[in-house]
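Build the complex from these two chains, which are given one at a time in their own frames, with help from the hints.
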Amino acid sequence: MISRRHLLQSAGAAGAAALLPSLARAQSAATMLTPGVPNGIAGYAVMGKLPGKQPLIQLADRPPNYEAPLEYFRTPITPNDKFFVRYHLADIPEVKAETYKIKVDGDGASTPFELTLDDLKKMPAVEIVAVNQCSGNRRGLSTPHVPGVEWGYGAMGCAKWKGVRLKDVLAKAGVKKETIEVAFNGADGPVFDKTPDFIKSVPVWRAMDESTIIAYEMNGEQLPHFNGFPARLVVPGWTGTYWMKHLIHVDVRTTPQGGFWMKPAYRLPVGEFPLRDRFISQEDATSTPITEIVVNSLITSHRDGAKVKPGKVTVSGLAWDGGYGIRTVEVSTDGGKTWASANLGEDLGKYAFRPWSFDVHARRGKTTVMVNAINVIGQSQVSKLLFNGAGYHNNVMQSITLSA
Amino acid sequence: MRTMMLAVASLALLAGTAFADEQAIKLKPGPGLDKVEGNCGACHTLAYIPMNSVYLSRAAWTAEVTKMIKAFGAPIDDADAKTIIEYLSKNYGS
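In order, the protein sequence lines correspond to chains A and B.
Just so we're aligned, residue 0 is where the first sequence starts under numbering that gives the first Met the number 0, counting upward by one.
Just so we're aligned, residue 0 is where the second sequence starts under numbering that gives the first Met the number 0, counting upward by one.
Check before you lean on any hint, since a few could be wrong.
As the list claims (entries may be wrong) - Derived list of chain A stretches under chain B, where covered just means 3 residues or more per stretch with a C-beta under 8 Å from a C-beta of chain B:
{"id": "1", "region": "59-69"}
{"id": "2", "region": "138-151"}
What the hints assert, rightly or not - Between beta-carbon pairs, the in silico distance windows are:
{"id": "3", "chain 1": "A", "residue 1": "Asp167", "chain 2": "B", "residue 2": "Asp77", "range": "50 to 58 Å"}
{"id": "4", "chain 1": "B", "residue 1": "Pro30", "chain 2": "A", "residue 2": "Pro273", "range": "44 to 52 Å"}
{"id": "5", "chain 1": "A", "residue 1": "Asp192", "chain 2": "B", "residue 2": "Ala78", "range": "19 to 27 Å"}
In case anyone wonders, no lab produced these hints; they're calculated from the structure.
Cβ coordinates follow ideal geometry from the N, Cα and C atoms, glycine included.
Chain B with its partners taken away, still in its complex shape (with noise of 0.2 Å):
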């Protein structure tokens, strides 16, 4: 069991996806997405995203994206912003 463990751990590290035995969150799939994956899960689970939905407008995920990069320093470009703005707003948006 303990070495299966670890084997699993090690396999996931190996293969450069170090979240992969974190949390299963499966996110609605369309445009942007990976954006959502590769930017909001470098710091934080996805679970968030489903958490607060559906109940956030287009303003209030917006509110929640420019935070993210404004008050806690997320390197995220214009253009991913809006791209992931535009990708919870459709599909987690109220």
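If we strip away everything but chain A, and leave its shape as in the complex, we get (with noise of 0.2 Å):
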């Protein structure tokens, strides 16, 4: 049921915003906007200013899912404050560091225990640079339209992640042969108690691979409130739903977990995306869980229809995938026909954001500019969607109109 502290909290954070003069915050929202997101947007959306971060496009406060906006993706670091806010349920408590604990048991723990953020922070230490990315990021530009939050290019961002191996903290639960799953729960949770807490399951080699942490730094700092804090799942390589924040249970599973944020929610047709690794005890007929990151990438020096000066524009951006790297970054300024590679910036490791740039030669009149990835394993981005029926894994090429 509703709790009164957390409606104080929220009402608090959501009178300071009220109290900016709400026509200019509107205007800005409206120009920071992904061209082709639902045109229902732009009649509310503001640039939200929630505590601790700078401000973000603000598609729902109720629960907080804000975008960040192009500008924010310059860099290929996230920093925290830009870091996009994305919740599926509104009853988000403040976890004090102090009382926090993780419960580890299950059907599959030989020896079920707590650990504290102190415990945590006492484990050997791994970090690594990986990207988080909404499963429904760019869900807004799906033709059809999908119900969803409408998000355009910026649910997602880049960051820095201290934390503890999760497998180093499962081989303290002892993890029996026949556990087949590992469950994540987080301390938010639904404003009715029939609602489904939003609970999210990997299959054991992904919980026990090298690259899946619980974090409790990002960027160096601890992590933002609305970013998980005290620590949360990292699972770079997939998407989103599995990095659960607040991170309070981790449930080391015999049999698949059964929830309704793991079937039908998350789902995709089978076969309709390249996959390596099978989530096989959640698969059945026809569908299957969104696991890994499609090859993408983003103009991000430039918006559609940006103003140049004729001659040489440097345009740049970020590319990413599922985490076998990004192999080359090519744009075509002729709609497609022919293709040039761009520079790769700096490798900040296989899961990150890898930068990009490439000299366009801006006639006088438009200059369309298109981008495509291409990853380690030859993985490209499409030139039409893929739809599904949730908008999942959009990775159309972008192309945008430079004016000179």
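Right, dumping it as structure tokens:
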């Protein structure tokens, strides 16, 4: 049920925002939206100011769903205060570090136990740079329209995460050989007790992967409240749905987790997208859980329709994938007939945003710039949307027009 | 400034309108708006309605309302559900 404490907190935060000049905020949000998102959004969206955050596009405030404008993606690391915010359920407690605990148990755990934040910090620490991208990023560009949070480009970010390998935590729990999945719950929950709590599960091989960590630091600082303080799961290469915020329960399982958020939610039609690693225990005849991020890229130096001077214009952006690494970013200025390779920038690791840049010769009039990323195993973006009913995995090659 | 913010929040709570300071979403006036505000607005912002319009057909709005009741356990009775679907289809439907 609704907790008055949480209401007070959110009322305070929203109250602060309400005192800003609302018209200016609405106008600035309209210019920040991704071209092609439903036009109903421009009618109400403002640049919302959550505590500890720079202004973000406020698609929804209860539960909080805020995306980053394009301009926040001009560096391969997304600063914490510019990182997007996504929640399914609106009862979000402010978790206290001093009393915080993660319970590790389940029928697959021989020795259940509890971990405090201090316990976590005493374990061997690892760092990994990884993209956290919402499964439904770019859903708002889906044609035909699909219901949901109508994200543009900005439901993603890349950070350096520091924490403890999940497999090290699981080792203390004595994982039985019959274990097939490990499920996760966070401190946030539903407003009504009949609404299914947000619980997510991964196959045991993914839980044991070296890259899967419980993170308590993000870009060298504690996690922002709205990104999962005090600790969250980080599943590099997989979409954000598995990255449980405010992690309080690790459930080691010998049976598939059967909750709403594993099925029917977060599903893709079987066979529509290439998958290296399947999540067999959750598959059925027609659907499979969304897992790996598909290869993708974004032009971040210019918005569609940007005015430039004729001559050399450096266009730059980011590319990323599910952890194979980016091999090539190619750019076309003739609508996709011919392509040339962009220069790749700093390599922060195979799960990170890879910056790229390309010098375009802008003619007087209009120049279109199209971008396509190809990863190390040869997967490429698509020229036409692979439609699915939830609007996942939109990696259609982006095309913008520059005006000189 | 801070005192004023607190005063605003307290007033809202005293008046029993806990969400008064939230995102200002003005839905179109019409029959059923009160049911939409009372039922849908209990769990989430009403922004989801303009966010997904005008693209949803009557069938799609019906599916959304049904999902809220069946999958999310929203305590909405059949009569209210019908009124809500009618309002959404008429005002925010394709």
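Output the indices of the hints that this structure fails to meet, ascending.
none
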